[in-house]
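**Q** So you can see what is in the structure, the chains are spelled out below.
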Amino acid sequence: EAAVTQSPRNKVAVTGGKVTLSCNQTNNHNNMYWYRQDTGHGLRLIHYSYGAGSTEKGDIPDGYKASRPSQENFSLILELATPSQTSVYFCASGDAKGGNSDYTFGSGTRLLVI
Amino acid sequence: GDSVTQTEGLVTVTEGLPVMLNCTYQTAYSDVAFFWYVQYLNEAPKLLLRSSTDNKRTEHQGFHATLHKSSSSFHLQKSSVQLSDSALYYCALKATSSGQKLVFGQGTILKVYL
Chain A
1 EAAVTQSPRN KVAVTGGKVT LSCNQTNNHN NMYWYRQDTG HGLRLIHYSY GAGSTEKGDI
61 PDGYKASRPS QENFSLILEL ATPSQTSVYF CASGDAKGGN SDYTFGSGTR LLVI
Chain B
1 GDSVTQTEGL VTVTEGLPVM LNCTYQTAYS DVAFFWYVQY LNEAPKLLLR SSTDNKRTEH
61 QGFHATLHKS SSSFHLQKSS VQLSDSALYY CALKATSSGQ KLVFGQGTIL KVYL
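Chains as they are written, first to last, in this note's numbering: chain A, 1 to 114; chain B, 1 to 114.
In short, the hints are calculated from the structure, not lab data. One thing to keep in mind: the hints can contain errors.
[What the hints assert, rightly or not] Quick list of the computed label-pair ranges, beta carbon to beta carbon: (1) LEU17(B) to ALA52(A): 48 to 56 Å; (2) LYS111(B) to SER67(A): 34 to 42 Å; (3) HIS64(B) to ASN73(A): 36 to 44 Å; (4) GLY63(A) to GLU59(B): 38 to 46 Å.
[Stated by the list, open to error] Once the Cα atoms are required to be at most 25 Å apart in a straight line, the calculated DSS-like pairs of lysine-lysine come out as: (5) LYS69(B) to LYS65(A); (6) LYS97(A) to LYS56(B); (7) LYS69(B) to LYS56(B); (8) LYS97(A) to LYS57(A); (9) LYS111(B) to LYS69(B); (10) LYS57(A) to LYS101(B); (11) LYS46(B) to LYS56(B); (12) LYS97(A) to LYS111(B); (13) LYS11(A) to LYS46(B).
Ideal Cβ placement from N, Cα and C applies to all residues, glycine included.
For reference, chain B alone in the conformation it holds in the complex:
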């Protein structure tokens, strides 16, 4: 079945520095969309950005990600993190042909320090 892998459980970074959260995937489907969700403490996950177009950069709230089907990756990046970016981040995929089910990675906690 489909799977999403986030290799880092915790990423710590100093405020103002760049960050990249890794996301790779496996899927047998071609009609697939990819998502990054952000979850703050005691809140629901909410959509950060999404893409289904190969090699196209998608941006939202200072974060960006580019889907690379050649390497099965959808890494999340930000050039200058802020304290308020500290949260749990999920990468996910959804294949139209597999019932619209979102498949999530394990999640990466981002902690930003002064």
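The following block holds chain A by itself, in its conformation from the complex:
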């Protein structure tokens, strides 16, 4: 069954440390996305990608980098984690064809930066 898998599910990081969140999809979708979820803000787009080797800035990219080494994998990197990056992060994949096609979301990564 096609799916989006995120790892780790939970992460505690130290302020100033490096954090890598990983995402793997078996949907063969070209597009992949990273969102963070915060109460009162909903889901906000951090970075996205149209395919292997491509990364684009979303609405709130500051403090984050992304990497898409292959069709299946899309990572979100926090080089210098800060407490304000404590959040729940969701990865998603989507069909590039557009129209009514929706996303497949991963189960989320809960990140706590102390």
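Place chain B on chain A using the hints.
**A** Below, chain B without anything else, positioned relative to chain A:
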């Protein structure tokens, strides 16, 4: 840029009564699809229903929504809510011409009481 507004952060309703969750939007694009996602506690968002046709009612799992481009709205309704409908609901839009990015509203928590 595109935006989606959900004015209610929390809606409480007694089981068996009707409910409407508000969603309005702004977009400069014409090739746009609209979505409602539902997210249960500690789970990923999942698609509830979608539409891109003006003035056409879309239904799924007892919920329905009608896209009204004249008023830039896509409200979600249910005639008789159940306890199991308690969840976080997101309205979202996606424009083909803006890179297939889902733009989410702030989310509305629906709490159903006996």
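**Q** For each hint, tell me whether it holds in the structure or not.
**A** Against the structure, the hints come out as follows:
no.: 1; hint: LEU17(B) to ALA52(A): 48 to 56 Å; result: holds, 50 Å
no.: 2; hint: LYS111(B) to SER67(A): 34 to 42 Å; result: holds, 39 Å
no.: 3; hint: HIS64(B) to ASN73(A): 36 to 44 Å; result: holds, 38 Å
no.: 4; hint: GLY63(A) to GLU59(B): 38 to 46 Å; result: holds, 41 Å
no.: 5; hint: LYS69(B) to LYS65(A); result: violated, 37 Å
no.: 6; hint: LYS97(A) to LYS56(B); result: holds, 23 Å
no.: 7; hint: LYS69(B) to LYS56(B); result: holds, 11 Å
no.: 8; hint: LYS97(A) to LYS57(A); result: holds, 20 Å
no.: 9; hint: LYS111(B) to LYS69(B); result: violated, 29 Å
no.: 10; hint: LYS57(A) to LYS101(B); result: holds, 11 Å
no.: 11; hint: LYS46(B) to LYS56(B); result: holds, 22 Å
no.: 12; hint: LYS97(A) to LYS111(B); result: violated, 36 Å
no.: 13; hint: LYS11(A) to LYS46(B); result: holds, 23 Å
Hint check: violations occur at hints 5, 9 and 12; the rest are consistent with the structure.
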